[in-house]
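What follows is each chain in one-letter form.
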Amino acid sequence: MGRMEMRLSGSGGQGLSLAAIILAEAAASEGKNVVQTQSYGPEARGGASKAEVIIDDAEIDYPVVTEPEVLLCMSEKAYEKYVPSFKGKTLILDSTFIDSCPEIDGVNVYSLPITKLAREKVGRQIVANIVALGALNGIVKIIDDASLEQAVLNRAPKGTEEMNKKALEVGLELVR
Amino acid sequence: MGRMEMRLSGSGGQGLSLAAIILAEAAASEGKNVVQTQSYGPEARGGASKAEVIIDDAEIDYPVVTEPEVLLCMSEKAYEKYVPSFKGKTLILDSTFIDSCPEIDGVNVYSLPITKLAREKVGRQIVANIVALGALNGIVKIIDDASLEQAVLNRAPKGTEEMNKKALEVGLELVR
Amino acid sequence: MLQINVENLRMQKLPHIWCPGCGNGIALSALTRAIDKLGYDHDEVAIVSGIGCSSRSPGYLNFNTLHTTHGRAIAFATGLKIFKPKMKVFIVTGDGDCTAIGGNHFIHAARRNIDLNVILFNNNIYGMTGGQASPMTPFGRTATTAPYGTVERNFDIMELAKAAGATFCGRATAAHPRLIESLIVKAAQNKGFSVVEAMLPCPIGFGRRNKLGGPVEMMKYLEENSVRVQKAQKMSEEELKGKFVIGEFYNKPAPEYIEEYDKIIAKLKK
Amino acid sequence: MLQINVENLRMQKLPHIWCPGCGNGIALSALTRAIDKLGYDHDEVAIVSGIGCSSRSPGYLNFNTLHTTHGRAIAFATGLKIFKPKMKVFIVTGDGDCTAIGGNHFIHAARRNIDLNVILFNNNIYGMTGGQASPMTPFGRTATTAPYGTVERNFDIMELAKAAGATFCGRATAAHPRLIESLIVKAAQNKGFSVVEAMLPCPIGFGRRNKLGGPVEMMKYLEENSVRVQKAQKMSEEELKGKFVIGEFYNKPAPEYIEEYDKIIAKLKK
Amino acid sequence: MSQVKTKLMQGNEACAAGALAAGVCFFAGYPITPSTEIAEQMALHLPRVGGKFIQMEDEIGAMAAVIGASIAGAKALTATSGPGFSLKQENLGYAALTEIPCVVVDVQRLGPSTGNPTAPSQGDVMQARWGTHGDHPIVAFSPSSVKEAFELTVKAVNVSEKYRTPVVLLLDEIVGHMRENVSLPDKVEVVERMKPANRENYLPYKLDQEVTPLIPFGEGEYYHITGLFHDESGFPNLVPELVTKKMDRLMAKINNHKDDLIITDEYALEDAEVVVFTYGASSRSARRAVKEARAQGLRVGMLRTATIWPFPEEKVKAVAEQAKAIVVPEMNMGQLIYEVERVAKGEADVVGVNRYNGEIITPEEILQKVKGLMNGATN
Amino acid sequence: MSQVKTKLMQGNEACAAGALAAGVCFFAGYPITPSTEIAEQMALHLPRVGGKFIQMEDEIGAMAAVIGASIAGAKALTATSGPGFSLKQENLGYAALTEIPCVVVDVQRLGPSTGNPTAPSQGDVMQARWGTHGDHPIVAFSPSSVKEAFELTVKAVNVSEKYRTPVVLLLDEIVGHMRENVSLPDKVEVVERMKPANRENYLPYKLDQEVTPLIPFGEGEYYHITGLFHDESGFPNLVPELVTKKMDRLMAKINNHKDDLIITDEYALEDAEVVVFTYGASSRSARRAVKEARAQGLRVGMLRTATIWPFPEEKVKAVAEQAKAIVVPEMNMGQLIYEVERVAKGEADVVGVNRYNGEIITPEEILQKVKGLMNGATN
Amino acid sequence: MAAVKATPKAEVTIKKDWCKGCGICVHYCPKGVLAMSENLKAEVKNPEECTGCGNCEIYCPDFAVSLRRIQ
Amino acid sequence: MAAVKATPKAEVTIKKDWCKGCGICVHYCPKGVLAMSENLKAEVKNPEECTGCGNCEIYCPDFAVSLRRIQ
Ligand SMILES: Cc1ncc(C[n+]2csc(CCOP(=O)(O)OP(=O)(O)O)c2C)c(N)n1
Ligand SMILES: Cc1ncc(C[n+]2csc(CCOP(=O)(O)OP(=O)(O)O)c2C)c(N)n1
Ligand code: SF4
Ligand code: SF4
Ligand code: SF4
Ligand code: SF4
Ligand code: SF4
Ligand code: SF4
Ligand SMILES: [Mg+2]
Ligand SMILES: [Mg+2]
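Residue numbers (the numbering used here), protein chains in the order written: chain G, 20 to 195; chain R, 20 to 195; chain A, -6 to 263; chain L, -6 to 263; chain X, 202 to 580; chain S, 202 to 580; chain Y, 82 to 152; chain Z, 82 to 152.
None of these hints come from the bench; they were simulated from the model.
Misleading hints may appear alongside valid ones.
Counterexamples of contact, computed for chain A against chain S with all Cβ distances above 10 angstroms [said to hold, decoys possible]:
id, residue
1, A39
2, G123
3, M151
4, K179
5, Q223
6, K227
Below 30 angstroms or equal to it, Euclidean Cα-Cα: the simulated DSBU-like pairs (lysine-lysine) are [unchecked claim]:
id, chain 1, residue 1, chain 2, residue 2
7, Z, K96, L, K236
8, L, K6, X, K446
9, S, K518, X, K525
Calculated from the model, a selection of chain A residues having no Cβ within reach of chain Y, i.e. all distances over 10 angstroms [what the hints assert, rightly or not]:
id, residue
10, R26
11, D34
12, G133
13, M228
14, S229
15, L261
Everything numeric in this text was worked out from a predicted model, so none of it was measured.
Heads up, the beta-carbon is just placed ideally off N, CA and C, and yes, glycines get one too.
Whole structure, please, built from the sequences with the hints as guidance.
Encoded structure:
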């Protein structure tokens, strides 16, 4: 596998950094090289924030995401900020917050009710990030489902394992 | 006149810096170039301290006294510190504090009861520095007596003018 | 708006950067209302801050505004005020900014009794850097740098200010925004060093880690545990445990630094 | 010597650099006697100082001695003590060192109630740099940087220490060397942050410019204007004007920082 | 699929892990972005290993406490960023003169002043050398990956103990905040604080030895430490001859051990006409640029240094003699390039690629500059 | 005998007198040897002219107060020495970024750390350039006589106002403490703070102008000042393009005006084979050495700079091209020599004469080094 | 007593763009005039109950609530 | 009463080298045992009056006074 760049975007409290970390950890557990970064600071408060992952079989020199192949947007602001310049292949939108579903040449656009389902099917809006992870991997399939589940469980606070597993499944379901 | 270097040495409270300043101001008032420096810091407390003057008709570049022609010592410690390396012509010792009166080749040594006379003839030990000034200039005669007196008066706190004038005279007397 | 004079705000800079339910906005609102009540001109007011979430306040206020370095707001303000005494100077500062790194400037300005008004936005935590313990984090509370609960006692800034020489001291909470406002008015009216402590919820940096609930729960907490200073005087130390005493603590004029210095200038002129 | 144990002194470093009649020597002497009374080993004692005339003290004391940077003695000592709690740490610091540039470390160490003993050599002036005003120069006194008399009020360091959280506070003067000694003993016995203020004559930097006479006159002045704290409590503010209240001000144990931290270590070990 | 035992780690975390691995048992700090995670990690882990963490009232106090703890025998570390690094300078100089081992981590962010607290920079490189007043020895390392953040922290602690000197570790926001998969060694080589062979007449500052073992306070010798110039026993002594000897020894203990201190690596250097000289996060871009250049058949190489101070003069000199041009990419307005220019003595053209706006330098920018020079060079 | 109207003055006094002559009306400081006389003079004189003096609780506060007063419209100055200069660094960077005029006098003493507080040094020369974190513009002057202490203080105040930038004045203990007879002008050229021609839409940080006039607080415009990167109006703005523009402008406002900023003088340079490059008190020794060399028929010259930063690159380059060798005497372990080496690009040998023990360099030492090089040169 | 529709004393407006959904105004409104909407913004539910007490405006940390007195 | 010569309780020694002549010991000696000499150093004038109170040793800022108890 060559270099693969992904951007998860949304707003401050949505847990996208954690999602990116889990994604990176899952990839690493499979022997891939990974770099994970995220935006910090005031821009991450209120405005749009992002977390990014680079996965590569080879050593990763340049550690910055410039042209992600996959973009996840979970807020209106993130949509406004990152979609216009998107040149990748896969665009995933959380329709709970984003009404529009644009048609872009060469881009597969998935408009999914991620947060809504987290609330309705898992019962906790807070796991929307895991639902998103499930959906994302369901689409791009860079990581073995089992590896991803393990990575999610490794990071799940005690007592929330089942809920997180459920969330991951809900996400996967969404795109199966 | 060529470069003339003088060192006034003693201990912390004896007012030798002031004496050096007056000397320098007197010389400056006659159109000479002067540089005045002094030792600072802990060494000036307790140990031997010094104040130095360079007088020259020409511009003074190097501002440090290295081989003074004139050395005044007003304490035992200063005597111990500065006399051994003295290579100049005129050595003035305050016999109030320094018992020894060495004979050194090519050096004119003056052992004078400077502080004693300040106490006895002017009534205030504190003007010993001015007495010393009078004696010093009486010997080396670099400055016009009137210029020196004016310089002393310029620096004398209000009400002490007469006392300082007297002190200067006592010093001059000593070597006349 | 009815109570808030929008001319005191830089509307084009809003919405502000603070998190949902952050108490800074409540105190900032009280400050604008107080300045309005005081009837100052925009140009005679200076708002000076250090660094922190709270210290971003000046940017939203329509006066001369100065965002300095962490902990140094009072020192910058000292120079400003001394050189131009006609300025009415308010210092907006966080508990970290004012009492950690800035503690020395605080006690010295108090000692000099220089005519500055410190509005201390106390959220018991370092908000901007993500929830580290501050000198006003209560003993036992957790923070990212106190994962097992802080073992440090916190300052009682009212006591400290008074002991250092402040001549007006008062405290309120976000649950008492009208009290914040009236204390700021009184602080400004005091010719000398004045301190108003506003206890504010930081749901993100403090509340979450300490399981204090969301913004509303934190407001309730402040409300329920506040005791007026008059009532507190009649309560035992035991009864006061865990309570926040609010109200006017101290108000006793003393010679002000700039006035005293001006006396010297006047004397020398003669 | 009879009362002074010369083993506590570095005799080969004496005579010290201080001026004739400087009060530092009197306080230093009291400190050696106190340590002697406390019965500490040489090697378990650390004396830490900042920069100033008074801060040269450690060089003359036969223990682990640390002469740090201006104002930072308490912060250095904090690291030292936390890492090696068995050390008995005394901080010798001047009024400028401790309360001007070092004020913040002072109030924070007090807040933490860390087991350090601050012996504040208060000569009301910056001695080492030649007589500038300090935060403890009394209002109206002259100094090289206050040629027309200082317009700043001075700290009452007992009040400040207490408000910041110190658990033992006491004051004496050079005219009461035995009181300095006994206060230091008590300070050391207090498990927590202790402050002993020793008011000392600086004939050169303070006395001369303020026309207070020579060493003996300054000692008399201290003697005559001192009032024991017990007596002071019965005096009016008016009567106390210009007086120095001496004695033990405050002695009330509270949780000590290192002990509290150790509890966490112990808990984690389980 | 095979499970590899690597760990995803943030640079700041790796730094904390390195500190713990090297035996650091005391941390004093004051929070500041983008370094705070180091403090947070130390707060979490130190009490578990019986060490001590304290959040001080400011950076000055933190630096002081670290020195105080080191004097008591601790391997001690503090972490900060630009504004805090500025505040630590006075006490950093104290540690240098009094020869107290300690490590200061500066996770560089965009300055000057508050600047942009969350943006990367390499703007404190010269400050690390010249930030405190007066001449003084300093050692500074700068990692360019998470793994190296771990390794160089271990090295920094070891060097500080071995040479009794403060060591600066210059991270940048990129290396500090990014996460990479790393596999860390279970054990690392650790230099323990030297103990004197002979305790009789212990002199903490022997002049005929580059480094005298430091006996901690409270361990049998009681002596004096001062920031004034001092004699061999540690007591104040301002005699000029002694001062000269002290300063000469201070500098020699670093300068005589450049082999031990200077860590560089080379890439495609043999026949390079243009050499990219690089360090820190920028070297990630540089490496990619050089790879790309080689792929295009250009004779371009790279010299990366992990040691900022002492500056790798010899290596750069050799490169200057070999190459036609040296390209120096830096996330600042040109700092280490001053050293490169000085050492190159006009033997090679020296050209900077600079970003000072919070963005990382891209491989393309470097490549472009290199190509420009190649064209020039073949003319 | 004719009475000449000159005055005996200490360097520190002359500095204070220069400040007053240039219109300084605010001083905040904290005592430290060997700078304290400046504060003492200001305490004495400022209230007489309606100005304000304050002794702050520390150097950090002093620097802050000076900036605060300048924002209120004061020409403001502070004075310190090494340890205090280290503490002022953070706020010095704030002044640089926010473009607040102010002057910082550093009377250099022997460092590092407390070192020897009463001994002279030129050890803070690099610190003046690199002491605060991040890139920033700086101007620094260094006088070599009492008269020049006066003149350069005036210049420093003027430059700081003209370019809205902090200026550092590097005295040394020798120049600060020695007294010389000087005749000072009754009046000096004074740059007043610029007033904007047009007040409408006042922008304190216009990008299309090197320097925008600074309207003091309380004089009709109310706006925002921050140590974060900011846009033309002064509000925080971290957009990279803006940051680049800001930084470029900051540097350009100094670098484009080197003619106005760089003050040097030459002595016997025309046919010189060996040139002594010098500054501060050391140049007094250098001058004597060069005189002596010329008296002995040696082709030796001297280039003295009163401006340390920006470094007089052009002049040094010219000298390097002309001479066989450049001798750089410094009361430090070699600091400005780095710049000389860099600029010389190997065109001339560059050799230092260094003292770092509290003694001034003697003319003999310099002469000896020069002679050695002459011999080498004639071989 | 027959249900009488109250006359509102003030008109409340919520700036949706600025509202961050903290719920504080809702908590401090003594009359239940305000409520949180589905998308987590404050909204005016029972305008007629408003007594014009001003709490909502004063307590809102985001300057998102405006009152206009109704004469 | 006939004059009886007192028996000193302690022997006082002044280290001339360390004495800086401040006069404090003289002031605090309750019995006038000490006095200042011509050359401004403290000296023991009336050794027999010494009560061994210890003031001189404790008050001397220069560690220049030593007491030795006389048994
Ligand atoms: C010298 C320096 N040290 C540290 C920081 C990092 N810093 C920024 S804000 C802050 C603390 C903020 O806490 P507080 O003052 O309570 O304000 P809040 O964010 O809670 O409103 C710190 C430590 C800094 N900017 N400068
Ligand atoms: C950072 C720094 N600022 C200033 C100084 C200069 N300085 C040395 S001692 C001193 C004050 C001494 O006053 P105090 O602490 O009262 O001690 P004293 O000499 O009176 O005993 C000052 C300002 C310094 N050494 N370092
Ligand atoms: S972190 Fe806390 S103080 Fe900062 S904006 Fe968020 S809630 Fe407010
Ligand atoms: S200046 Fe004052 S404090 Fe310093 S040694 Fe002299 S008398 Fe003592
Ligand atoms: S003014 Fe009072 S009653 Fe009306 S909506 Fe606001 S809080 Fe409710
Ligand atoms: S208080 Fe303000 S921000 Fe909070 S919910 Fe109400 S309108 Fe929205
Ligand atoms: S011991 Fe007492 S009585 Fe004897 S000499 Fe000393 S002070 Fe006087
Ligand atoms: S007290 Fe000590 S120093 Fe002073 S006169 Fe007596 S013996 Fe001498
Ligand atoms: Mg806070
Ligand atoms: Mg003092």
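Structure-based check of each hint:
1. A39: violated (6 angstroms)
2. G123: holds (18 angstroms)
3. M151: Since the minimum Cβ distance to chain S is about 21 angstroms, M151/A lies beyond 10 angstroms and the statement holds.
4. K179: holds (23 angstroms)
5. Q223: holds (35 angstroms)
6. K227: holds (38 angstroms)
7. K96/Z with K236/L: Not satisfied, since the Cα-Cα distance of roughly 35 angstroms exceeds 30 angstroms.
8. K6/L with K446/X: holds (22 angstroms)
9. K518/S with K525/X: holds (22 angstroms)
10. R26: The claim breaks: R26/A does not keep its Cβ more than 10 angstroms from every Cβ of chain Y (closest is about 8 angstroms).
11. D34: holds (22 angstroms)
12. G133: holds (27 angstroms)
13. M228: holds (27 angstroms)
14. S229: Answer for S229/A: holds, closest chain Y Cβ roughly 31 angstroms.
15. L261: holds (49 angstroms)
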